[in-house]
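Undergrad: Listed in order, the protein sequences are those of chains A and B. First residue of the first sequence: 7, per this note's numbering; consecutive thereafter. First residue of the second sequence: 24, per this note's numbering; consecutive thereafter.
Check each hint, because a few of them may be wrong.
[Stated by the list, open to error] Straight-line C-alpha distance at most 27 Å; calculated DSS-like pairs for lysine-lysine:
#1 Lys118/A x Lys184/B
#2 Lys179/B x Lys118/A
#3 Lys23/A x Lys203/B
[Stated by the list, open to error] If you want the ones that stay clear, here's a sample from chain B, every Cβ over 12 Å from chain A, calculated:
#4 Glu68
#5 Lys75
#6 Thr92
#7 Arg109
#8 Lys146
#9 Gly173
Calculated from the structure, these hints are not laboratory results. These numbers come from a predicted model, not from an experiment. Virtual Cβ for every residue (Gly too), placed ideally from N, Cα, C.
The primary structure of each chain is shown beneath.
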Amino acid sequence: MKILVVDDFSTMRRIIKNLLNDLGFMNIVEADDGNTALPVLKKGGIDFLVTDWNMPGMTGIELLKEVRADDKLNSLPVMMVTAEQKREQIVQAAEAGVNGYIVKPFTAVTLKEKMSKIFERVG
Amino acid sequence: MLEENNLISDDNIARSKDLLACLERGDENGARDVLDELTRIRETELYMEMGKLTRELHDSIMAFGKDDTLLNLAQEEIPDARSRLRHVIKMTDDAANRTLSAVEESLPICEDVTNKSSDLHEKWCRFIQRDMNVQEFRELSLLIDKFLEGNTDQVKELRSKLNEILMAQDFQDLTSQIIKRVIGLVEDVETNLVNLVKLAGGNITIDFVKTEDHSIEAVGPAVPGVDTNVVSGQDEVDELLSSLGF
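Chain A with its partners taken away, still in its complex shape:
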């Protein structure tokens, strides 16, 4: 399983990467915003996308919309890990087709739970 972690802060990417390693996911690639993530996704081979919302360039919600609009990527599981916690934002992400939404600061347990839940659903 190859996971793409998108966040503009390298510290947060390192945290998520370490937590994913801890959960047994060793094949992790990184990008620092939607603009750099999209070509990686379009190239193929990514099985799961973890993205922040608030990033310069292309934001996470824009990236999510791009993914859902792409024929090859539209079924890719997408999980948002973000500090954005306004109700309308969560609703917006849900409407755009997010599979999981985690608010920062989060725990390793939350990440594990949400990932398992997504895998259960998408099979």
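Starting from the known structure of chain A, fit chain B onto it as the hints suggest.
TA: Quick look at chain B alone, frame taken from chain A:
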């Protein structure tokens, strides 16, 4: 100021010719009349120009007073920024304490493992050198057994402390987002103050910074007591999503 083309007019040329004619024929009163007339014209235009400038200044001051950008900055944005910066202090403080606690709890574990290892090593060397009786060897075997048994738990404990340190670093992302927002506010204040200074200095050009509506844009981490209509944590996110059929 009087414009060049206003000064050079047929009327003024005629007046000047009158003045010259009066002076040549020694008509002092006539010359004074013409001079008074010219002065009056000049003063009238000066007053008009000053009046225009005063009106522009007045309009600008009124416009500045009506614009609520500065008022909004002073009454809402700056206290809001103070709360956000206090929240940054709290987050960095919490992160530092979480990290320090995890380190403080880890050090005795490391020390215990080091002490036990060096004790075992010393005894093991004696065993290799055949400098150990049977009773001592039995004790050494028990010690090794106990050490190996406890070791797994201690490494597990250390791993959890390291994980705690890892997770404590999430403050960097969150505090940076808040600080970036405050920097934006400081830039707004700067622009508005520069405009105020320009206005006071007589330069009438005012380019107000528009206050944008950020309602659906990314706003960064919610600050307790400052942000409204936000979820208070993961449980509320889950609740909201499940109400949407997730």
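Undergrad: If a hint holds in the structure, say so; if it does not, say that too.
TA: Results of checking the hints against the structure:
Distance check on the hinted pair: Lys118/A and Lys184/B sit about 18 Å apart at the alpha-carbon level, within 27 Å; holds. Restraint check for Lys179/B and Lys118/A: satisfied, since their Cα atoms lie roughly 18 Å apart, inside the 27 Å limit. Of the supplied pair hints, the one linking Lys23/A and Lys203/B holds, its CA atoms being roughly 25 Å apart against a limit of 27 Å. At the 12 Å boundary, the C-beta of Glu68/B stays outside the reach of chain A, the nearest C-beta of that chain being 55 Å off.
Every Cβ of chain A is farther than 12 Å from the Cβ of Lys75/B; the closest lies at roughly 46 Å, confirming the non-interface assignment. Chain A leaves Thr92/B outside its interface by the beta-carbon criterion, the shortest separation being 24 Å against a cut-off of 12 Å. The claim that Arg109/B is not at the interface with chain A holds, since no C-beta of that chain comes within 12 Å of its own (minimum 17 Å). For Lys146/B, the requirement that its beta carbon stay farther than 12 Å from each beta carbon of chain A is met, with the minimum near 36 Å.
The beta carbon of Gly173/B sits about 23 Å from the closest Cβ of chain A, which is more than 12 Å, so the claim that it is off the interface holds.
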